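J.: Here is how the chains run, residue by residue.
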Amino acid sequence: MIGTAEGRRRPRFRLEPYVEFARTAMAREATYRFDVFTTIGSFVVRVYLLRMVWTALYAHNAAPHELSRHAIITYSAVALLMGIVMDIDQTRALKDKLHDGSIATDFLKPIIVPFYFFADGTGEVLFHAVLLIPATLIALLIFHIIVPAPAVLAAFALSFFLGYMVGFFLNFLLNCSAFWTLEISAVQLIVTWLTDLFGGELIPLILFPAFLQNFIYALPFAAMFSTPLLIYVGVIPPSRYLESMGLQLVWIVVLALVSTVMWRAGSRRIVVQGG
Amino acid sequence: MAIIEATDLTKVFRRIVRRPGIGGAVRALFSREYEDKVAVDGVNFTLAEGELVGYLGPNGAGKSTTIKILTGILVPTSGSVRVAGVVPYQRRQENAENIGVVFGQRSQLYWDLPLRESFELLRAIYDVPRNRYLENLAHFSAILDLERFFDTPVRQLSLGERMRGDFAAAMLHDPKIVYLDEPTIGLDVVAKEAIREFITRVNRERGTTVILTTHDLADVERLTPRVILIDEGRVIFDGALERLRTEYGTHRTLVVTFAEAPIEIDVPGAELEGREGLVARLRFDRRLLSAEALIRRVMERYPISDVSIIEPDIDTIVRRIYVEGYQHGPVGTPS
Amino acid sequence: MGLGLRRMAGVYRQYWRINILTTLEYRENFLVWFAFTFVYHGSSIAALWIVLSRFPSMNGWSFRDMAFLYAIWMVAHALHNTLFSTVGEIPEHIRDGEFDRLLVRPLDTLFQAIATPGQVFPDELVLAIFTFVAATIYAGVHVDALFLTFIPPIVIGGALIDLGINLIISTAAFWFVKVDALRWIFVQLEQEFTRYPITIYTRSVRLVLTFVFPFAFMNYFPARYFLHKGMSGLGLPPVAGLLTPAIGVVFVALAYVFWRFGLNRYQGVGH
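Residue numbers (my numbering), protein chains in the order written: chain A, -6 to 268; chain B, 1035 to 1369; chain C, 22 to 292.
So that you can see chain A by itself, here it is in the shape it has in the complex (with noise of 0.2 Å):
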């Protein structure tokens, strides 16, 4: 038998235990220094391959009027710096329990289950954000990309933390999934390679034809990569701040509701299958 806390007097809420697995989340991921160096070599090598892309296309065409040849690599730079902490699966470990049955032990402990999950891929995050320092300076000293204006830049920071909740929330729900079927690994491919593409990470949004671009905003991946960029390249303007933002924020919305809502019925579902 396993219960849940709900239906139960709830012990007092301690944050340490929560703490203490960001922590361990972080530690587990610095044991493997060889991803480390990688993800740094990563970064460089495809900034680089960007830069030569970009620069072959507008050297033979004319340029789009909206952004500049500088400006498009800046963009590439900075979302291929948002993807070091943006493309980590934070709540992998849920999928993973629930395919091995491990599960059902969290459940006996005496903590919020998806609080866990959270502490423990913030701990992740947050090795990986540590990475943003040299890539960042990477990013500046070789490649010389653009710094806007301090306000842009904590409109680009606030808009890249919405962005980073929607996808936190959108990878909640996908793994959330997990409770009905257990092969979601191509599942969250598809919704990774979408993201890519329909994200505007590898291509600026405003570059897509007409008609693809309506389609687009009707998808959550635009709010992850596309608002914060084309703030921190001021193709979003300050005026239109409010309005950019809002939107990732009803994002936010809507995948939490879908999320809690899919999570209260997966753990029922543990339950009363005993996993």
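Since the hints were derived computationally from the structure, they do not count as laboratory data. Note that the structure is a prediction, hence the values are computed from the model and not measured. Watch out, some of these pointers could steer you wrong.
Here are the simulated lysine-lysine pairs, DSS-like style, with alpha carbons at most 27 Å apart [stated by the list, open to error]:
id, chain 1, residue 1, chain 2, residue 2
1, B, K1210, B, K1226
2, A, K90, C, K199
3, A, K102, A, K90
4, C, K199, B, K1071
Some chain A residues judged to face chain C by a derived CB distance under 7 Å, without partners named [to be verified]:
id, residue
5, D28
6, T31
7, A49
8, L182
9, L200
Heads up, the beta-carbon is just placed ideally off N, CA and C, and yes, glycines get one too.
Fit chains B and C to the given chain A structure using the hints.
T.: Coordinates of chains B and C only, in the frame set by chain A:
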């Protein structure tokens, strides 16, 4: 005739020293420190064809490292080894033809498919002639009762059924030697008995040499006339199980029920192990004192109503050797 | 051992039998992965189309040319995924100890690693062949005896180049616990470096793509030959596009030498 000869077998591992905490982890990104760990330290033994030997030792004693060297997975740091005339790490594939391996915690069966399919693949890998394969299959099915679940996906089998499948899988190609690494771990009594029966019969009927590592000393008592004990990479005993019992099982326990409770129990030559009401347990070394003499001494001092003697079981003996080390007892010489 | 080849053929047949049975056992799963393959290639081609609808020429290559360039890579890559994707699972087997099992069996270790059954199915290859035929027609490539003779060995050579990379990364797992990140980098780099004509890159990158990690031989040189495009600037004549099979064999041979080296270390140092 010796089928396995290990001479001064030594294996040294290099291990990374991890420092605790995030600071340590960050430092480890740039520099690493290593330490040497001697897993196997000058091990010597020989096995005759058709022997059934228990290779015992606590966790980390070097059991599985030895097995990995014998099976050709690892190259020893120094020393020499020959298995059925072949140096395993030099001619790994040739050695592989001669051996079968069962890792108790790791199956070689394909999870999603029935046993039949795994067996067919193994038949192809070892190139077992079709009629020999069918013969073996029939024989193993008879002992292990495989037919019942032969066409069920392995993931739906119980642990006991799966282990039976794994045993048959390891024996399909008539190996001269089988290495069984913790074969009965986690099994229930019935399954354990089936596996033990299988090991005995394979050894007796086919003359297969068997090396068994286990933590379950009941396996040893039931199966292996000879045991090799290893601790901290060294062989600390090699000989007949009976000799282990006589040499290390020197302490017996006399259980005395007194007619009336004595205030203090003091018997020369015996040590009071425990006492509960009228019953006391006296431990004595049978080399120094016979049971009869001890009983006489007890009766001279106290009125008693009953006595019984507990012989040390193999579990106790081995535990004592692990804990106390081998310096207290005589070290066995290779037979 | 002289019997090696006949025995390997027997094992290989069983391997495919198990693959197909396992795939049938998990039909829904198979369909989801097929959808993934479809979206993966679909979104890649869509990205090319989006870029080229805004910038009509990439150093003289149109979308039609680029579709053909992509399709050659896709077939070679799909062939590799069908025959050799199991090589990518070696690091995981080293980590969980399953790799030792291969060492106690009387067959070549790498062959056994390749023939480790799982859920492999030639679906991507079928999709790739259809895409290739469509792209060949769309790009207006002249299909003659030369084309039909050379395309199969070129595709096989491309798959071998992929195998070489895969094997080199998996071999690194003998030294490093986790090579997932390294593999991810190569997957991404291959994906991007094979997408565009290499003339857009600087000379040093072109040299690396030609002589170090010969991705350019998977699709660029063959496509340049069949589409009659200009020189690469590396002084290689167009006919270099037909060298892919030889390059693939040499590259895999080098990767195999590295593999043997790593395997010896694994058995010597242990873990």
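J.: Each of the hints needs a verdict: does it hold here or not?
T.: Evaluation of the provided hints:
no.	hint	in the structure
1	B:K1210 <-> B:K1226	23 Å, holds
2	A:K90 <-> C:K199	20 Å, holds
3	A:K102 <-> A:K90	14 Å, holds
4	C:K199 <-> B:K1071	23 Å, holds
5	D28	4 Å, holds
6	T31	4 Å, holds
7	A49	4 Å, holds
8	L182	5 Å, holds
9	L200	5 Å, holds
The structure meets every hint from the earlier list without exception.
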